[in-house]
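Trainee: Sequence:
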Amino acid sequence: MKVIAFTGMPGSGKTEAVNVAKEMGIKVISMGDEVREEVKRRGLEINDENLGRIADEMRKKYGKDIWAKKCLEKIKGEEKIIVIDGIRNIEEVEAFKSKIKNFILVAIHASPSTRYHRMMKRRREDDSINIEDLKRREKRELSWGLGDVIAMADIVVTNEGSMEEFKEKIREILS
3 MKVIAFTGMP GSGKTEAVNV AKEMGIKVIS MGDEVREEVK RRGLEINDEN LGRIADEMRK
63 KYGKDIWAKK CLEKIKGEEK IIVIDGIRNI EEVEAFKSKI KNFILVAIHA SPSTRYHRMM
123 KRRREDDSIN IEDLKRREKR ELSWGLGDVI AMADIVVTNE GSMEEFKEKI REILS
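Letter by letter, the sequence shown follows residues 3 to 177 in my numbering.
Quick caveat, the hints were computed from the structure, so don't treat them as lab data.
As the structure is a prediction and not an experimental result, all values here were calculated from the model.
Check the hints yourself; a few may be wrong.
With a Cα cut of at most 25 Å, we get these calculated DSS-like pairs of lysine-lysine [said to hold, decoys possible]:
no.	residue 1	residue 2
1	Lys103	Lys82
2	Lys171	Lys82
3	Lys141	Lys66
When you get a sec, could you build the whole thing from the sequences and use the hints?
Mentor: Take a look at the structure:
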């Protein structure tokens, strides 16, 4: 079994990369979905503030690799390839590497201006709607160790061109 994990700053293109995997019939496990489930379980509104607070709280209480451990519970070993979406810290990478022999970390990079524009345009329920909120979200995710994860990626994909160019790069990696 091979596990390919996507990481990157908010708005870099992780969701689009995951969509390519889904189109190819590859199983996807989302770390963000694990956080969203916990927020829902607590009866809270799904928004950036609650998601960030709960993700941070759980990391402090159960360890920085809590979300990776929750995702690992969903891996049965029956699939040839699995995609993990949303790695944020080194401890998560180490948790996966300790259990998955063939683990590949892919960082998706886009400039801050490109990412801000995308996030303002997409209007996902957990997205901020102004630049200052976006910068606060980035700062929070970087405090979790996201920059270190991006720096240690096995593969870096730049996402500054057309959507089709990006999707083709992701297809090549997943093939």
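Trainee: Against the structure, test the hints numbered earlier, and report the numbers of the ones violated in rising order.
Mentor: Of the numbered hints given earlier, the structure breaks none, since each of them holds.
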